[in-house]
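> Spelled out, the chains give:
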Amino acid sequence: MREIRVSEVTNIVKELFLKANYVIGEDVMEKLACMRETEPSPLGRTVLSQILENNRLGAKEELAVCQDTGMSIVFLTIGQEVHFTGGSLEEAVNEGVRQAYTEGYLRKSIVAEPLFERKNTGDNTPCVIHVRLVPGDKVHILAIAKGFGSENMSQLKMLTPSEGIEGVKRFVLKVVEEAGPNPCPPLVVGVGIGGSFELSALMAKRATGLPLTRHNKDSRYRALEEELEKGINALGIGPAGYGGRTTALKVHIITAPTHIAGLPVAVNICCHAARHADDLI
Amino acid sequence: MKKIRLPLDEKTIHELKAGDEVLLTGTVYTARDAAHKRLVALIEKGEPLPIELSGQTIYYVGPAPAKPGYAIGSAGPTSSYRMDIYTPPLLKLGLKGMIGKGRLGPNTMKAMVECGAVYFGAVGGSAVLISKSIKKAEVVAYPDLGAEAIHRFEVEDLPAVVCVDADGRNLYNEGTKLYKQAAL
Ligand code: SF4
Numbered sequence: 001m002r003e004i005r006v007s008e009v010t011n012i013v014k015e016l017f018l019k020a021n022y023v024i025g026e027d028v029m030e031k032l033a034c035m036r037e038t039e040p041s042p043l044g045r046t047v048l049s050q051i052l053e054n055n056r057l058g059a060k061e062e063l064a065v066c067q068d069t070g071m072s073i074v075f076l077t078i079g080q081e082v083h084f085t086g087g088s089l090e091e092a093v094n095e096g097v098r099q100a101y102t103e104g105y106l107r108k109s110i111v112a113e114p115l116f117e118r119k120n121t122g123d124n125t126p127c128v129i130h131v132r133l134v135p136g137d138k139v140h141i142l143a144i145a146k147g148f149g150s151e152n153m154s155q156l157k158m159l160t161p162s163e164g165i166e167g168v169k170r171f172v173l174k175v176v177e178e179a180g181p182n183p184c185p186p187l188v189v190g191v192g193i194g195g196s197f198e199l200s201a202l203m204a205k206r207a208t209g210l211p212l213t214r215h216n217k218d219s220r221y222r223a224l225e226e227e228l229e230k231g232i233n234a235l236g237i238g239p240a241g242y243g244g245r246t247t248a249l250k251v252h253i254i255t256a257p258t259h260i261a262g263l264p265v266a267v268n269i270c271c272h273a274a275r276h277a278d279d280l281i
Numbered sequence: 001m002k003k004i005r006l007p008l009d010e011k012t013i014h015e016l017k018a019g020d021e022v023l024l025t026g027t028v029y030t031a032r033d034a035a036h037k038r039l040v041a042l043i044e045k046g047e048p049l050p051i052e053l054s055g056q057t058i059y060y061v062g063p064a065p066a067k068p069g070y071a072i073g074s075a076g077p078t079s080s081y082r083m084d085i086y087t088p089p090l091l092k093l094g095l096k097g098m099i100g101k102g103r104l105g106p107n108t109m110k111a112m113v114e115c116g117a118v119y120f121g122a123v124g125g126s127a128v129l130i131s132k133s134i135k136k137a138e139v140v141a142y143p144d145l146g147a148e149a150i151h152r153f154e155v156e157d158l159p160a161v162v163c164v165d166a167d168g169r170n171l172y173n174e175g176t177k178l179y180k181q182a183a184l
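Note that the protein sequences, when read in sequence, are chains A and B.
Its first residue numbered 1, the first sequence is counted upward by one per residue in our numbering.
Its first residue numbered 1, the second sequence is counted upward by one per residue in our numbering.
Bound conformation, chain B alone (with noise of 0.2 Å):
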């Protein structure tokens, strides 16, 4: 288990590799489906983001409501997938990490392949183990969007796994690849 800073540095972003199971400490901002779409909109526009993303990491979830005495409700990730259509213009501006679940579209891992960018799945329905390692939780961007706006979230020790590395090795095709029993 490999303890992890976030924002990443350009040597973590090239030592890590699809497989390795890591802790997350650091800052991440929450974004789905509707925060992406206002954000591509914005670049494709040429105006300024509500947030820095150079270098940040983005974790796809969309949690629930915070119990009085907690800092942030149930927060698992989201399928990333929804997302590939977004991605490559953030990877662009300088996205270096995303969290999330499930498989990425060949572009998006293209574009992380050269822009040199980490995908870490976090396993889906543990939200409330995930919860756990979220220390502050804040909205810095379209509140209006409730469970889909834009928080800074501070992570100590949130586990996740390398599923796609920089290099684009895939952990989803390379783990099921291994156990893949002959044909019913």
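Chain A extracted, bound-state conformation (with noise of 0.2 Å):
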């Protein structure tokens, strides 16, 4: 058994946010940079340099790159081997939230209740947290910023197991159409396929915080997740959504066993201000 006092957590989930809100990725920044010059609209190459001009702006000086500072997205994966001491893990987490929003200047975007006051909790808290248990005594955080333009532009959809790929490809394309100009493209597209109604969208939230240099390691999906990039960047939405041939930076794919009726498909969008960080104790 190894004892990690829960203080360490809100520590860690502090500097994830604070960092995951600040500093793009430099996978995402070298991607960027990558697709201006081969995008052909003058506009769309323009909104390009606009966007790595933003990220450096905000890494150096410590300001959130996008002012929708996002709802927080916490996945923690835990050895069951680990012991938590010195208080509840949840409220832990939450802590972290809370300090990384109030004393970070990060906008504070959350109401505790959806329908009828919506009224701000004030502190971006609570966060949304996924648990998996596995083997081992490590702890693995990982810290998404999920900003709402994005994130209101994702659909799931039950297809029959008939619809097969090619359902599978022109649900994804649909969805990424539909949204065209609202989420922000450049995307980074999660989605999540097989499953349950549940998992296959947290299987979608999970891929947005993939690097973007992972490919899905089954050489089948890895070539739907290149041939969905091509289809996505012909629909011709752009970048900001002006036009042009940058629309998807990159497509991340997970799976999961389904049932023998079912083929889930979630897809989550995620703008091109990637927010994630991560780190293990």
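To be clear, the hints were calculated from the coordinates, so they are not data collected in a lab.
Don't be surprised by glycine CBs; every beta carbon is placed ideally from N, CA and C.
This list has only true hints and no planted wrong ones.
Some chain A residues well away from chain B (every beta-carbon gap over 10 Å; in silico):
no.: 1; residue: G79
no.: 2; residue: G86
no.: 3; residue: P114
no.: 4; residue: T125
no.: 5; residue: P126
no.: 6; residue: I129
no.: 7; residue: R132
no.: 8; residue: R206
no.: 9; residue: E225
no.: 10; residue: L280
Quick list of in silico lysine-lysine cross-link-like pairs, BS3-like style, CA-CA up to 25 Å:
no.: 11; chain 1: B; residue 1: K136; chain 2: A; residue 2: K60
no.: 12; chain 1: A; residue 1: K174; chain 2: A; residue 2: K230
no.: 13; chain 1: B; residue 1: K132; chain 2: A; residue 2: K108
Please assemble the complex out of the two chains, which come individually in their own frames, going by the hints.
See the structure below:
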């Protein structure tokens, strides 16, 4: 049994959300710069240059790259040998979010209740926590700051098995085409295929937090990722939706076993401000 | 790149064309969902608004808090379509410009043509860069709404693109059509 104090989790969660909001990953910066070279639209190139410059300023001055500093999503992968001490783990994670958002000049965007009053909680809590237990004595923390301009353009569909590969492709392209300029393209498109209704959505969200240099290990799914990227970039939406060929920075697919009667597909759209950071305890 | 003064004058409104790159200088008011809801509720009751909107430009933004020494925190545009149900009555009151990102609904675009107004797109997610062009920021109504309060911004050379012009031409549709390739 390895003991970890929950205050350590608070500190790490705080640091991860600050970093995620101020610093866009090198993988995204490189891809943006690379796609600017091939983007045929002059206006599209201007937009990509503006985004690159913005992200450099954010990192340099420690300012939120986007004013929508998002809903805070935390993936905790916990080794089953770990014992947390010193209080509630859930409260510790929320405390990390609270400290990051109140001390780091990040916007507070969470309302306590969704329908009637919609009153802001004032500190961006509560966050959304997803826990997975695995063998071992380590804890992996992934923090995602998810803006809702792109979250609102995400969709889930329960396809029938007969719709198959073509059905999946059609659905992913339809979601991105309907989203058009709204989710701030170029995008990172997270696709969850299989599992159950909620697992497909969870996989799609997890996929948006993968490095752009990562590809699906199964060559068939990797080929599908690449085909979808080509298909999305042929839609013509372009940077900021002003027209162009740079619409997807990456498509990530995560799959899971599913039921004989089902083919769930979830598409979680993430804007170019792909803000995530992770750490291992 | 055209330099444009805000508030917009009639001549400028009709000269601006979808796709024009502009730098905006002058006064804008911020408002998002919650402030729009209150403004339109007042219009429906026939009561005065807390700000004079006639001739003005609204920027759809909920800024991040300002760090010490900064006029404002990060302040990029939010999605404009969420304001669609509130915008036509504001246009009828004389609103002449909106700054946001993403598509507008058909009713908003129709009202824009009828009333003669321009929709500027700013690049979503370039919130630090845009904040550099905001020289002064002040809350002028609904302080209880926090980031969603109505602010008055004095902006200088705020980079934007005309996305829908007063003739109803739409850059999003035209640009996408231009670069769309045959289906997969
Ligand atoms: S979609 Fe992303 S980049 Fe666009 S405004 Fe929202 S958080 Fe910012």
